[in-house]
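Enquirer: Which chain is which? The protein sequence lines are A and B, in order.
Here the first sequence is numbered in our numbering, starting from 1 and rising by one per residue.
Here the second sequence is numbered in our numbering, starting from 1 and rising by one per residue.
Hints listed in this document are in silico derivations from the structure and should not be mistaken for laboratory results.
Check before you lean on any hint, since a few could be wrong.
[Unchecked claim] Heads up, incomplete: computed chain A residues facing chain B, CB under 8 Å, no partners named: (1) 27; (2) 28; (3) 30; (4) 31; (5) 48; (6) 49; (7) 53; (8) 57; (9) 562; (10) 564; (11) 567.
Every value quoted in this text rests on a predicted model; they were computed, and no experiment measured them.
Think of the CB as a built atom: it goes at the ideal place given N, C-alpha and C, for glycine as much as any other residue.
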Amino acid sequence: MSSSARFLLGFALLAYPPDFRKTFREQILSDVDESRAGSIAAAFDIAANGLRMRVGLLANDLAYAARRLLRMPLFVVVVALTFALGIGANVAVFTVLNAVMLKPLPYVDPGRLVVFRYLNTKTSQLTADLSVPELDDFGRQSSTLTNVGGVVSDQATLTGAEKPVALQGLDVTPPVFAALGIAPELGRFFTEADEAKGVHSVVISDRLWRSNFAAAAGVVGKSAVLDGSTYQIVGVAPPDFGIPMPDSGLLRSPDFIEVQPDIAPPGERGAQYIGTLARLRPGATLAAANTDLELISKRLQHLYPVEAALIYYVRPLNDVVFGDFKAALWTVLGAAIGILIITCANVSNMILSTAASRGREFVLRSALGASNRRLGAQLLAETGLLAIVGGVAGVGVAYVSLALLRPALAAFPRAQTIALDGWALAYAVAVVVAATLLAGFWPMRSLARPNLSVALKEAGRTSDSAASNTARSALVVVEVSLALALVALSGLLLHSYYLMTRSDIGVRQDGLWVSSQMTLPSFRYPALRDRSAFQQRLLTHLRASPGVESAALGSNYPLSGYHFGFDFGIVGRRFVPGSEPIAALNVISPNYFSTMGIPLQRGRAFNELDTQQALPVAVVNETFQRLYGPRGNAIGMQLITAGVDKTSRATRTVVGVVRDTRDDLTKQTRPTYFVPVAQTPIDFFSLILRSGDLNRSTLTAELARATEATDPQMADAALKSYGDLVAAATAHARSLGSLLAALAGIAMFLALSGIFGVVSYSVTQRYREFGVRIAMGAAARHIVLDVLSRSLSITGIGIAVGLVIAAIGGRAIASQLYFLSPFDPITFALVVALLLASAVVASALPAVRATRVDPAVALRCE
Amino acid sequence: MRKSVVRDVLPLNPKTFHVLLALAAGERHGYAIGKAIEAETEGMIRLTPGTLYPLIRQMLVDGWIAEVDGGNGDDPRRRLYRLSPLGRRIAQAEASRMNELVRLARSHKLLVAVGQA
Chain A
1 MSSSARFLLG
11 FALLAYPPDF
21 RKTFREQILS
31 DVDESRAGSI
41 AAAFDIAANG
51 LRMRVGLLAN
61 DLAYAARRLL
71 RMPLFVVVVA
81 LTFALGIGAN
91 VAVFTVLNAV
101 MLKPLPYVDP
111 GRLVVFRYLN
121 TKTSQLTADL
131 SVPELDDFGR
141 QSSTLTNVGG
151 VVSDQATLTG
161 AEKPVALQGL
171 DVTPPVFAAL
181 GIAPELGRFF
191 TEADEAKGVH
201 SVVISDRLWR
211 SNFAAAAGVV
221 GKSAVLDGST
231 YQIVGVAPPD
241 FGIPMPDSGL
251 LRSPDFIEVQ
261 PDIAPPGERG
271 AQYIGTLARL
281 RPGATLAAAN
291 TDLELISKRL
301 QHLYPVEAAL
311 IYYVRPLNDV
321 VFGDFKAALW
331 TVLGAAIGIL
341 IITCANVSNM
351 ILSTAASRGR
361 EFVLRSALGA
371 SNRRLGAQLL
381 AETGLLAIVG
391 GVAGVGVAYV
401 SLALLRPALA
411 AFPRAQTIAL
421 DGWALAYAVA
431 VVVAATLLAG
441 FWPMRSLARP
451 NLSVALKEAG
461 RTSDSAASNT
471 ARSALVVVEV
481 SLALALVALS
491 GLLLHSYYLM
501 TRSDIGVRQD
511 GLWVSSQMTL
521 PSFRYPALRD
531 RSAFQQRLLT
541 HLRASPGVES
551 AALGSNYPLS
561 GYHFGFDFGI
571 VGRRFVPGSE
581 PIAALNVISP
591 NYFSTMGIPL
601 QRGRAFNELD
611 TQQALPVAVV
621 NETFQRLYGP
631 RGNAIGMQLI
641 TAGVDKTSRA
651 TRTVVGVVRD
661 TRDDLTKQTR
671 PTYFVPVAQT
681 PIDFFSLILR
691 SGDLNRSTLT
701 AELARATEAT
711 DPQMADAALK
721 SYGDLVAAAT
731 AHARSLGSLL
741 AALAGIAMFL
751 ALSGIFGVVS
761 YSVTQRYREF
771 GVRIAMGAAA
781 RHIVLDVLSR
791 SLSITGIGIA
801 VGLVIAAIGG
811 RAIASQLYFL
821 SPFDPITFAL
831 VVALLLASAV
841 VASALPAVRA
851 TRVDPAVALR
861 CE
Chain B
1 MRKSVVRDVL
11 PLNPKTFHVL
21 LALAAGERHG
31 YAIGKAIEAE
41 TEGMIRLTPG
51 TLYPLIRQML
61 VDGWIAEVDG
71 GNGDDPRRRL
81 YRLSPLGRRI
91 AQAEASRMNE
101 LVRLARSHKL
111 LVAVGQA
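Model the full assembly from the supplied sequences, consistent with the hints where possible.
Expert: Below you can see the structure in the form of structure tokens.
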């Protein structure tokens, strides 16, 4: 036989079970030699029959396992439910992870999309927004990037129908669509021609197309009136359409998309407000793109010298979209795998608990000639059947828990796409296989290697070897340690969430409401005084409403989620043009501070006398005063500020200092200066209302009535309470915390049932001993303490190991913790106390049972 | 007891029966069993090594045949097999079962008795 034929046949023989192969290999090879059959045909014959033999054995094992299991329904139910919890948790977590993070973003080759960032070395400010000239520079000069496009948030009022509608939109530059590689549902997206002066093109969302244009196929070419200007509808975006915001990575589904108007004067390089994204050219790497940008930065620095160096670079879009979640969601997957390990340890323990009877069965069958391998295979078949039953139930558990968790998960990106699908089912199959091996491994080792003499000696008693007891205790230590780590991590997240919701925003939250942004269309309110008049009338109407204690307006408010950064000068100090300090600007009505409940620290607030004709004034916050106030006092400082439209420069005198408020729950307060709306008229604003008595619907109706009375053409605004704003700002933390808390709950439950099982079992084993001790007059107290000390020593070791795991996990979620160290002693102390107390509860029942042993019965058992 | 064990396994799979028949004549190794069956059935039944040895193994486990100690004929890789007393009884039982069937077929005029033609 040639060596290749020998190799081929040897390979085919692998199809047979090993013990068969060992016995018959040589005979088969010799026969093939003798018959001079073609080696390929022989190999096929051998492989096919080998596989048939294996399948037959597997079917035998499964049938045997099924018959055995049907005889112990309680065991099956308990084990299957345990598996269902563990597998269900894993499938649910995977489904979340897959929808949120693993599935690629819905763009062509999303891994090659990048967003712009730049660092101002003078102010150490990291920013995402570029100016129009910068956008042009990078689009034209970069050899590594293509389709450099800009995205800016916008809003507008759609008129033409009966009631005006307030819309959220995006302004983009045409390359954005090519960069993302998305196609419209109808019509087209923008081209360079749409950027020409006098061309007003708009793309509408599928949502708006259905709600306001009756989903008409002929909508393309029709016109729509936005903020009083007539736009031609050139396309309809597809239903699942989203554009990533380059700064936050949030996927926005706007009602309309316009071409970015070049609102800043040409060459105004300081007007940086455009989020910028681009696509790497074919073959270009991220590193090459950043080297390229460094060169362009140097060139620009030379052309437009400023005091600070601006370092431009790009980041992968994927990092920006998923960055915050990545570590945290992997931690959650780690938690789910921890639960799977706990589950399997629990099941191993239950199988081992049946060891006394199984041991004798296995010894018998071993004596009858079954190999260890065969016995192991049968044990594995039983575990596998249980895991399959548990897996099917687990998919049900996953379905139900996803439905229950859905509201809590809403803050994750693409949360609406979370659903059980083929991937989840494939994952479930993989988890069932892993669970079978994991849960079957330990029992297989200790049961399928029966020690004949020991087993026969013990045959009459339900005693168990010390080694097996240690194995079971070790499994419980694993369970307790993983459960502790999970409870500790979810405890940290929930504690952090609690601190976030309780953190002082700096406003008096009770009865405080803010409206969504209102925009005054410039065609109807062209003059500054018209805008002021509208605002005055609206505030007057509102103040007259019954139940409204106070009404104010501002271009911004704490926790709004956005800010307007403007550079400013200080009289008496010199800044090189382009490197002036930047602070947040808020344009407010005089009673803004009193309505908000923001206390004045120094000087005065605005009043009705701060008009256009009066001395231009400003109020600053504490952070502003600390950073820029001479000798820690900002009163009397002269600020050179621009208006919101960047045209009206004014020198303002600081007349007051107010306490800091939180712009954002997770960020430092920005230096902020406030200016009176009478001196800087604005065409967009939010209302701030204080009302102790009115509920949301009544107050919303009051607002609608006041708006109607002021101008029937205005779209209604929605109201949010500060509770809503805090809830929105803490939604990420809540989603993550509740996901991990649900997992921790399952882990706790499993670990406690593990403790209960092991302690119960040890009580059963020591039945006779307790009987003797009670007969000798031992106090119930001593028996209980004996049982508890055993339980607590196992729990104690588990806690010690768990603290180490929690410390490692804490580092992984540190980026998700606010106001809290990942080693927060209070959280850890509470978690340890919780686990110890639960361990006592779990062992209480078996401990009490130990005291109720009837000596007579216990001794008769012998 | 034994009798019922024997009856329980009837009717035999034809291939199994042929292996028993091939061994009824005397000790044989696997390849010779295959060749004998092929010859006796005029090529109607062919046992490839892939099917023959699983059969042999099952019959060894069940104790119908046994390996002959130290016997491997000319090729050291081969093993000789023989019928066990149990295997012989089973083969006999199957043969008489078939005999009964043939008698029944005759009585229903499905088959002409040898010598009566």
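Enquirer: Return the status of the interface hint for residue 31(A): holds when the least beta-carbon distance to chain B is below 8 Å, violated otherwise.
Expert: 4 Å, holds
Enquirer: Restraint: residue 564(A) near chain B, CB-CB cut 8 Å. Satisfied or not?
Expert: It is violated, given that the least Cβ distance between residue 564(A) and chain B is near 81 Å, above 8 Å.
Enquirer: Identify whether the interface hint at residue 49(A) stands, where standing means a beta carbon of chain B within less than 8 Å of its own.
Expert: 4 Å, holds
Enquirer: So, residue 48(A) near chain B? Judge it on the closest CB pair being under 8 Å.
Expert: Cβ of residue 48(A) sits 7 Å from chain B, so the hint holds.
Enquirer: For the hint on residue 30(A), just tell me whether its beta-carbon gets within less than 8 Å of chain B.
Expert: Given a least distance of 4 Å, the restraint on residue 30(A) holds.
Enquirer: Measuring from the C-beta of residue 562(A) to each C-beta in chain B, is the shortest one below 8 Å?
Expert: 74 Å, violated
Enquirer: Using the nearest Cβ pair, does residue 27(A) come within less than 8 Å of chain B?
Expert: 5 Å, holds
Enquirer: Quick check on the hint: residue 567(A) CB to chain B CB, less than 8 Å?
Expert: Violated, about 85 Å.
Enquirer: Is the hint on residue 53(A) kept, meaning its closest Cβ partner in chain B is under 8 Å away?
Expert: 5 Å, holds
Enquirer: Measuring from the C-beta of residue 57(A) to each C-beta in chain B, is the shortest one below 8 Å?
Expert: 11 Å, violated
Enquirer: Can we keep the residue 28(A) interface hint, with Cβ of chain B closer than 8 Å?
Expert: 4 Å, holds
In summary, the structure is inconsistent with hints 8, 9, 10 and 11 from the numbered list given earlier, while agreeing with the others.
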